[in-house]
Amino acid sequence: MLPDLCKYTIMNKTQMTQTLQELQDFMFDTMASQEMAVDWYCDRFEVNATDEVIDFVLDAHDAFFGN
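Position one of the sequence shown corresponds to residue 1 (the working numbering), numbered consecutively onward.
Hints should not be assumed to be uniformly reliable.
[Unchecked claim] The list that follows gives simulated cross-link-like pairs (lysine to aspartate or glutamate, EDC-like), each with its CA atoms no further than 16 angstroms apart:
1) Lys-13 / Asp-55
2) Lys-13 / Asp-51
3) Lys-13 / Glu-52
4) Lys-13 / Asp-59
Since the hints were made in silico from the structure, they are not lab data.
Take the sequences, apply the hints, and build the full model.
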């Protein structure tokens, strides 16, 4: 039996958008830094920190905090 080598998956843009409210709730509750937001998002939704995911989270962070 092969070990589970890939716990994390890749999300498409629709799936990322559907998780936006939960990300915003986390940022509101914690006032998380950009790095914390990316780490939390990847852990919470079990996704890899691909360029697309990082860009999505950082854009959401900037919009949420008015940057």
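Each hint, compared with the structure:
no.	hint	result
1	Lys-13 / Asp-55	11 angstroms, holds
2	Lys-13 / Asp-51	12 angstroms, holds
3	Lys-13 / Glu-52	9 angstroms, holds
4	Lys-13 / Asp-59	13 angstroms, holds
Of the numbered hints stated above, none is contradicted by the structure.
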